[in-house]
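K.L.:
Okay, here's what each chain looks like letter by letter:
2 protein chains.
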Amino acid sequence: MKLVPIEAKSKSYNVYIEARIRHKVGQLLEEIVTEAFSSIFVITDSVVAPLYLNDVVGSFQNKLPIYTEVIPSGESSKSFATYEQVMTKALECGLDRKSVIVALGGGVVGDLAGFVASTYMRGIRFVQVPTTLLAHDSSVGGKVAINHALGKNMVGSFHQPDAVFYDPETLYSLPEREWRSGFAEVIKHGFIRNQDFLQWLQGEVKSFDQLPVEQVINLLERSLAVKANIVAEDERESGVRAYLNFGHTLGHAIESELGYGAITHGEAVAIGMIFALKLSETMFEIDLHVKQHENWFQRLGYKTTIPNKLNVNKLIGKMQSDKKAEAGSIRMVLLQGMEKATMLEIPPSMIEQLIAEQMEVDDVG
Amino acid sequence: MKLVPIEAKSKSYNVYIEARIRHKVGQLLEEIVTEAFSSIFVITDSVVAPLYLNDVVGSFQNKLPIYTEVIPSGESSKSFATYEQVMTKALECGLDRKSVIVALGGGVVGDLAGFVASTYMRGIRFVQVPTTLLAHDSSVGGKVAINHALGKNMVGSFHQPDAVFYDPETLYSLPEREWRSGFAEVIKHGFIRNQDFLQWLQGEVKSFDQLPVEQVINLLERSLAVKANIVAEDERESGVRAYLNFGHTLGHAIESELGYGAITHGEAVAIGMIFALKLSETMFEIDLHVKQHENWFQRLGYKTTIPNKLNVNKLIGKMQSDKKAEAGSIRMVLLQGMEKATMLEIPPSMIEQLIAEQMEVDDVG
Ligand SMILES: NC(=O)c1ccc[n+]([C@@H]2O[C@H](COP(=O)([O-])OP(=O)(O)OC[C@H]3O[C@@H](n4cnc5c(N)ncnc54)[C@H](O)[C@@H]3O)[C@@H](O)[C@H]2O)c1
Ligand SMILES: NC(=O)c1ccc[n+]([C@@H]2O[C@H](COP(=O)([O-])OP(=O)(O)OC[C@H]3O[C@@H](n4cnc5c(N)ncnc54)[C@H](O)[C@@H]3O)[C@@H](O)[C@H]2O)c1
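Protein chains in written order, with numbering that gives the first Met the number 0: chain H, 0 to 364; chain Z, 0 to 364.
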């Protein structure tokens, strides 16, 4: 079993990575937690439930009351309505302050279940059992949230899990586009903090088909280590944690303008990273070999141009209303060099021009 | 200006008590906060708005964007619906992470606005400007919450304010029953932590008419000091903070069974305190002079018997599902002597009998 320790200021816990660990969640939880728990509430989604819910529930061997809630698969479950509904279920099941919530699924389940855990009776414990590649990012660090029509993740809090149990086997049922979505965050970790890792990835991962499980474990471990590192330094995003938004300012704007679901988070972030790399080259007059990265991205099936049905001014408007923004400015994470992330305020005019240049060109045949 | 320091583990701040301080909120806030703020969002209710909103808004002297939201007066505003609505307004106003929320009102406004502050963009700063006596209790200590049909304060978190500005003048527009409601928590602080204070109260406060402002300030300061003391010891209610629930286990059950609004929180807590005193006498075979307390309570207009339209078993059921309860037991705060609070698990049969004895007797003329 691989183990990545997370040492956030408010709490320390581990990510446990092992094939088939989903069958041992109950047993491991019992070994790990310091204070006994009274009941278990597993929250998962409609796609994950038929695949892995029984395995996780079975791992508790009926030793104590266990309840389950299956929310619809997809981003739209990170809503006020689902939040209230899950709270109702939790109360109906009689969860108390010693109950533990298990978030079994991708980032949507993790973010929603985590927000429920952080606010149920003013906060109870929870653990993450991620089943997507993207969730290697979302399951660690304690950011939990739901969406609002006026913005993604606008309502939430910080609530660290007690443990993360990662079963790489579950990733093999993931559609290719979800691999692509999660892998963008892996790449991001390379860019901002670990150039060796990025090079290793570029050498080893040419497609998402048939990655051996050992390689997946390796990849998870190294990518998680970057996140762990950053969260340890800055749990509350007052400093370096903001670097994790590399690629996200434009990425979020694209996601939001296309309508959530039209493009995956990671696909949008990939476009945003290419944009941030180009902007970095211009701002700092350096060479980051964007073309080479772009080729690799394309080989992995990412689009690197901005869909041309999007309006430049609307994208800029969205970038200005980003959570990280203050009063209309556009702040972005750029690279002063590989592994050298920095936060900069960029004039909208400059952004406008670069967006125009990165717009997808219609194939006029 | 009187000042009560609150030293919670996660944060230190002060309660500032002064007549007319509502006119100085803007100025004081500027002096106090360490990090500049970008905009102000005042949340208040429909009864308080016409009385004091202008004073508070005026105190900011148009120095920066200021937005206001008026929620309906009353407990029903601590709902998911109002929570979502206030979030929407906050987003529409473009509040960012450097905005500050001002909660102007009683415990309802404080709890709701505090929960909004604790979850807007994963947490922004807020200050309390309490306008009820009860809010001397609710504005301090960082417990924030909304209600669920299945239980009061079931959804919430811990989020300490940056400051509390208490203007005793505002209490003079408060109806007598709201004085009575808040005063129960003042009495409670005496019972669990400060017998001298309780004796002083019994000597000085024979009715809620015409208490001079100096006496009100005195009373607030001493009562707040007890709360401050307990919060400093135990912010997260893992220990002594639970003693603040003295009178609340039965109190909550009565409130909930009568339907919220039929009786004030403090009126219900008063009945609960008499109950807890009687139970304490029985359990520890001591004399706590219940009759004498009961007389004083009645003189102040409190009922001390349990409304006989309530069903004993339903009350017990509610007491078992209290947030503090685990798996069906009834845990209550009792006194082993004055100022000697303790938490005890009580057999439901014992509670049943004592409730029956405290039931209101119909006047059969
Ligand atoms: N909290 C954080 O720090 C953080 C960081 C990044 C992203 N996020 C959030 O994460 C969310 C995206 O996460 P996601 O990409 O995991 O989305 P997701 O949870 O919606 O999962 C993607 C899809 O894959 C399905 N799925 C999940 N596991 C599967 C499996 N093993 N096999 C087959 N199908 C499976 C899901 O049902 C869903 O349809 C967004 O809401 C984003 O805001 C949070
Ligand atoms: N967070 C905590 O630690 C804590 C502690 C105790 C109680 N509470 C909560 O506090 C709430 C009760 O607080 P409350 O009793 O202040 O209720 P409240 O806020 O509803 O105020 C009571 C009534 O007085 C009105 N009012 C407020 N200020 C006034 C003024 N100056 N003049 C005239 N009218 C005024 C209000 O509009 C309301 O109708 C409950 O929801 C309870 O759960 C929280």
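The hints are simulated quantities; they were obtained by calculation from the structure and are not laboratory data.
One or more hints might be untrue.
Incomplete in silico selection of chain H near chain Z, CB under 10 Å [to be verified]:
#, residue
1, TYR82
2, LYS142
3, ARG176
To give an idea of the chain Z side of the interface with chain H (calculated C-beta under 8 Å), a few residues [what the hints assert, rightly or not]:
#, residue
4, ALA7
5, GLU83
6, GLN84
7, LEU90
8, LYS142
9, HIS147
10, GLY155
11, MET282
12, ILE285
13, ALA355
Ideal Cβ positions, reconstructed from N, Cα and C, are used throughout, including at glycine.
K.L.:
Give a verdict on every hint.
P.N.:
Hints, verified against the model:
no.	hint	result
1	TYR82	holds, 8 Å
2	LYS142	holds, 7 Å
3	ARG176	violated, 28 Å
4	ALA7	violated, 14 Å
5	GLU83	holds, 5 Å
6	GLN84	violated, 10 Å
7	LEU90	holds, 4 Å
8	LYS142	holds, 7 Å
9	HIS147	holds, 6 Å
10	GLY155	holds, 5 Å
11	MET282	violated, 24 Å
12	ILE285	violated, 30 Å
13	ALA355	violated, 26 Å
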